[in-house]
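On the provided structure of chain A, position chain B as indicated by the hints.
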Amino acid sequence: MPEGRLYIGNRRYSSWSMRGWLAVRLAGLDVEEVVIPFTRPGPTEAISRLSPNGLVPYLEHRGMRVWESLALCEYCAEVTPALWPADPAARAQARAISAEMHAGFTGLRQAMWMNLGRDFAGLGRTPAALADIARIEALWADARRRFGADGPFLFGAAFTAADAMFAPVVTRLLTWRPEIDAATQAYCAAVRAHPLVSTWYDAAAAEPAEWLVADYETVR
Amino acid sequence: MSAALDHVGIVTDRLADLAESYTRLGFTLSPLARQADGRIGNRCVMLPCCYIELLAVVDPNARSATLECFLARYAGVHILAFRFTDETAELARLRRAGVEASSVSRFERLVDDADPDGPRARFALIQTPDQPEGRINLVRHLAPEALWQPRFLAHANNVASLDEVVLAVADPADTAARLSRLIGCVAVPDPTEGFALELSHGRIRIHAAATGVVPRITGLTLGTSDAAAAIARTVVERGIAHHREPSAWVVEAAAAGGVELRFAASAAA
Chain A
324 MPEGRLYIGN RRYSSWSMRG WLAVRLAGLD VEEVVIPFTR PGPTEAISRL SPNGLVPYLE
384 HRGMRVWESL ALCEYCAEVT PALWPADPAA RAQARAISAE MHAGFTGLRQ AMWMNLGRDF
444 AGLGRTPAAL ADIARIEALW ADARRRFGAD GPFLFGAAFT AADAMFAPVV TRLLTWRPEI
504 DAATQAYCAA VRAHPLVSTW YDAAAAEPAE WLVADYETVR
Chain B
252 MSAALDHVGI VTDRLADLAE SYTRLGFTLS PLARQADGRI GNRCVMLPCC YIELLAVVDP
312 NARSATLECF LARYAGVHIL AFRFTDETAE LARLRRAGVE ASSVSRFERL VDDADPDGPR
372 ARFALIQTPD QPEGRINLVR HLAPEALWQP RFLAHANNVA SLDEVVLAVA DPADTAARLS
432 RLIGCVAVPD PTEGFALELS HGRIRIHAAA TGVVPRITGL TLGTSDAAAA IARTVVERGI
492 AHHREPSAWV VEAAAAGGVE LRFAASAAA
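Order-wise, the sequence lines are chains A and B. Each residue of the first sequence is one higher than the one before, starting from 324 at the first, in my numbering. Each residue of the second sequence is one higher than the one before, starting from 252 at the first, in my numbering.
For reference, chain B alone in the conformation it holds in the complex:
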């Protein structure tokens, strides 16, 4: 079975500002939900296949060593989570791959802080050793209906899928081989450059870095159900920094929390 992307985590030091940026881009965000005893909060862009998590320390009297460490490198995507279905098989696979993974832990959190009696998201989690490219988690959802509520899934920009994650690294072959073992998927040459990890939905593209902080998760490709027509109107009307590519409208990283967002026609479409 090939791996599936579960979510990506964008780390910021100002959650309200980042949420505002994503709202301006036409995303519907889940309500503020706190975790880690209220110190860290998130807002999520829920898509049918997976989700984008915006997260930050939200308690002004608290700190998070992990998020501080991420932010010391850059604000942006630092977390990639992949879905598994069988804990025993997944831990065995990791052991065979020579990966020292912690055991499976479970945790839960509210989906909406304003509704303390509301549904709770529940997860089983396998944490793997930190990679230079970021945190790689393996996740199984124990209450998916709590997160994937219909009210979160409709987006004004008609985004329907997260099709690609782009990494810029110093040595694409090394990174591809390492992440392939960690995630449990095949690394293949990318048609444009570098390598790609083919997932059951979408892919991780691993390119050689030209400039800037390396390694870094630089881009997300989002599939839209209207060939990016709505996002094209949005970025123009709202003056959001962007540029055009032949098959996509691209929102600059500075306008999207440190990661370039490519809006294209949905791969499924």
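So that you can see chain A by itself, here it is in the shape it has in the complex:
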């Protein structure tokens, strides 16, 4: 029997949901997924009523309640420690860049929102977004150079919580297609090919048309 529920928003748009979902699936928690489609304008009332901070993802697991994606990653890592790299230096780096992702990159997030069903190539290139992308490329290159030699992900062969935290950024780069270097492209391809990411994309593509939100489907 399921041990709880993971509440998420539209897979097509909800980047934070994607991070939480990836962590939960990587950890193997036996929870049901409940998708609460966004309503606009304003916050989605069903989510506001349910979640302690009014946002998704929100996890209920064996009587415990966890919200905020990074907290969710840490909770999942208590169940499955391999969510973070085993090497202390790599683990420290993974936590630091994940926290930076959780707290920042608003320029990118505002200009290039997550939409898994559109091609916005060439759009959204605000100075703030491009500056964020430059910083992200530097973070990824540094992690890959120092810790990722044995595989395609940030810290090597295993898809870690850090990759989960940055997976929605990968989707943004694939949707909006800013200029990125070859190493970044290779990392994006690896993340996109990960079975869990593919599962998320497939489920997003299967969402009903009624769940589309006009604000996220067009670029002004």
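The set of hints was computed from the structure by calculation and includes no laboratory data. Backbone N, C-alpha and C fix where the C-beta goes; we use that ideal spot for every residue, glycine too. Please note that the accuracy of each hint is not assured.
Derived CB-CB ranges, DEER-like [what the hints assert, rightly or not]:
(1) A:A394 - B:D381: 20 to 30 angstroms
(2) B:E351 - A:T429: 35 to 45 angstroms
(3) B:D337 - A:G377: 29 to 39 angstroms
Only chain B this time, still in chain A's reference frame:
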């Protein structure tokens, strides 16, 4: 009101193989039904009183931390579920017993994956803190007719009831006292050794472990309507590992997913 056994869960990493083993033993199994968003599947031996659930991860791309944790100890019975009738009273009882239980949650699943429009099993569930002996759930069925379908209840081995669950532990007194509080039933000395928890139907027997992984749920006693005549023929004809006891035919744990199955005359009979 005394507690009633609802089901036991046998965890495996190869559901098809375990289902085959139980089919060879003469059980009728319910169809494959998935839960946890398709990652975990089960097949069930439905008995009038309760059921035996065989379960495993069935999505090759998925994992279950809980089942992996169980299997790291051993393949076999890791889940005991007991039935309750009143959520409010049950949560109050648990609080009085000093048990930190989650609130009541509800969930549902298909009974047969091949029939997506078919009946859905619906449950109310109280999860309790994991015990060293395994997962103890408290369950109320909200659509029992979906699970207890007549087509699932007839078994070629004439098993009609699950009468006993046997636990092997390091300290039977401690385990009996703890599980007694958790389940809400009386612990009494077992006539043979250790202690027993008397349920409204059947009992949990708690014995001192002699060898092997401890604690462990080691055995199930199944009541048959024909004094084990059919299962006796089956295990002999099919070469299934077994031994005899004065009042039972016993299928070895290796042939039954990690739990010894004692086939005896039904306690009701």
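Now the hints, each set against the structure:
Judged by the Cβ atoms, the range 20 to 30 angstroms given for A394 of chain A and D381 of chain B holds: they are separated by roughly 22 angstroms. Distance hint for E351 of chain B and T429 of chain A: a CB-CB separation of about 40 angstroms, consistent with the stated range 35 to 45 angstroms. For D337 of chain B and G377 of chain A, the hinted distance range of 29 to 39 angstroms is satisfied, since their beta carbons lie about 33 angstroms from each other.
In this structure, none of the earlier numbered hints is contradicted; all agree with it.
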